[in-house]
Amino acid sequence: MSRRETRAHLTVPVGPRDHASGPENAPLTLVEYGDFQCPHCRNAYPIVKRVQQQLGSRLRFVFREFPLTQIHPEAEHAAEAAEAAGAQGAFWQMHDRLFERQFALDDDSLVQYATDLGLDGDRLRGELDAGTYRTKVRDDFMSGVKSGVNGTPNFFINGVRYDGSYDLASLLEAVSATQEA
Amino acid sequence: MKRAPDFRLPSGPGTFVSLAELRGKPVILAFYPADWSPVCGDQLALYNEVLPEFEKYGAQLVGISVDGPWCHAAYSKSRNLRFPLLCDFEPKGEVARRYGVYNATAGTTERALFVLDADGFIRWSYVSDPAVNPGADGILEALEALGQPGGVHEPA
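First to last, the protein sequences are chains A and B. Positions in the first sequence are counted from 1; adding 131 to them yields our numbering. Positions in the second sequence are counted from 1; adding 18 to them yields our numbering.
The shape of chain A in the complex, shown without the other chains (with noise of 0.2 Å):
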């Protein structure tokens, strides 16, 4: 019977096709596996933005699409939203959006904060309905799956699953103590 190594690794290295938030060369790189309808990654949301201030460019950000599609029945169209906002230069803002507003994630909501972001609403309509980014939501579920993330959310440090609590000094003080690259 054999035991693996309970600290899982990223097999995808951040890249080109990732959305990142914060200086490519920082030393310290957070990557969070989320789901935007998921309750814990909602609380885990102004969390994360206290570590990205507190670190300020010592910190890069990186958040990675996992919906949990069958408990979650809004989160693939919310990811492929998040996703369409971003191929309009706008994914963190509509990142921050779907959080802020997980109470209503139903596409027309979803079409309604693109017009509020000062996006191209109809477009964004038009490639939910296409499932134009489904494949990129897709390919980032099954990086975190070959990782090895277990639930949402689901953070990385530097490459390594962090596997504790994602309070505010918790997840500081792992990403802080993480030998800087």
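Errors might be hidden in some of the hints.
As the list claims (entries may be wrong) - In the BS3-like style, the derived pairs of lysine-lysine whose C-alpha atoms are separated by at most 25 Å in a straight line are:
| id | chain 1 | residue 1 | chain 2 | residue 2 |
| --- | --- | --- | --- | --- |
| 1 | A | K267 | B | K43 |
| 2 | B | K74 | A | K267 |
| 3 | A | K277 | B | K110 |
Said to hold, decoys possible - Label-pair distances were calculated between CB atoms; the ranges are:
| id | chain 1 | residue 1 | chain 2 | residue 2 | range |
| --- | --- | --- | --- | --- | --- |
| 4 | B | W54 | A | G295 | 21 to 27 Å |
| 5 | A | D298 | B | R115 | 38 to 44 Å |
| 6 | B | S96 | A | D298 | 26 to 32 Å |
| 7 | B | P109 | A | A300 | 25 to 31 Å |
| 8 | A | N174 | B | W54 | 18 to 24 Å |
| 9 | A | P204 | B | W88 | 22 to 28 Å |
| 10 | B | V150 | A | Q184 | 29 to 35 Å |
| 11 | B | P23 | A | R181 | 38 to 44 Å |
| 12 | B | E73 | A | T266 | 17 to 23 Å |
| 13 | B | R116 | A | D227 | 34 to 40 Å |
Read the hints as simulated data drawn from the structure, not as lab findings. Just so it is clear, CB atoms sit at the ideal spot from N, CA and C, and this is done for glycine as well.
Here the structure of chain A is known, so what remains is to put chain B in place on it, guided by the hints.
Just chain B now, kept in the frame of chain A:
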């Protein structure tokens, strides 16, 4: 290689699944401690989501715990699970014991994974910390190692 001990367990009120009837395709056995506990929920929700990837290898996933058929039925419905949950309910934990993954102190199975090949041999197994969801990466690596993506093994 060890042949996986056979079993026949209820999969719901009045329905049964036996390991023998799954022969001919890879089988994933996911023993988990209990319905409704939060970690299990995450684990089974994840497998539910990854199911199409398991199916690419022609694999059948079954979950096994000591919970009874009505409990499984309610749990499965609430989580929209698309794979069977089997009841190692009477005699309690008997199948888990045969696989060496019964925790008599807790009165539940361990959190343990087995990947069986199409001929019913155990090709990979893993016992996780009960508090840590083991994820799906190990299962996928094991299925890949069976070397039969996309297809069901043809018995000789």
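Now for the hints, and whether the structure bears them out:
no.: 1; hint: A/K267 with B/K43; result: violated (30 Å)
no.: 2; hint: B/K74 with A/K267; result: holds (19 Å)
no.: 3; hint: A/K277 with B/K110; result: violated (34 Å)
no.: 4; hint: B/W54 with A/G295: 21 to 27 Å; result: holds (24 Å)
no.: 5; hint: A/D298 with B/R115: 38 to 44 Å; result: holds (39 Å)
no.: 6; hint: B/S96 with A/D298: 26 to 32 Å; result: holds (28 Å)
no.: 7; hint: B/P109 with A/A300: 25 to 31 Å; result: violated (47 Å)
no.: 8; hint: A/N174 with B/W54: 18 to 24 Å; result: holds (21 Å)
no.: 9; hint: A/P204 with B/W88: 22 to 28 Å; result: holds (26 Å)
no.: 10; hint: B/V150 with A/Q184: 29 to 35 Å; result: holds (30 Å)
no.: 11; hint: B/P23 with A/R181: 38 to 44 Å; result: violated (51 Å)
no.: 12; hint: B/E73 with A/T266: 17 to 23 Å; result: holds (18 Å)
no.: 13; hint: B/R116 with A/D227: 34 to 40 Å; result: violated (52 Å)
Figure legend: structure checked against the earlier numbered hints; hints not met, in rising order: 1, 3, 7, 11 and 13.
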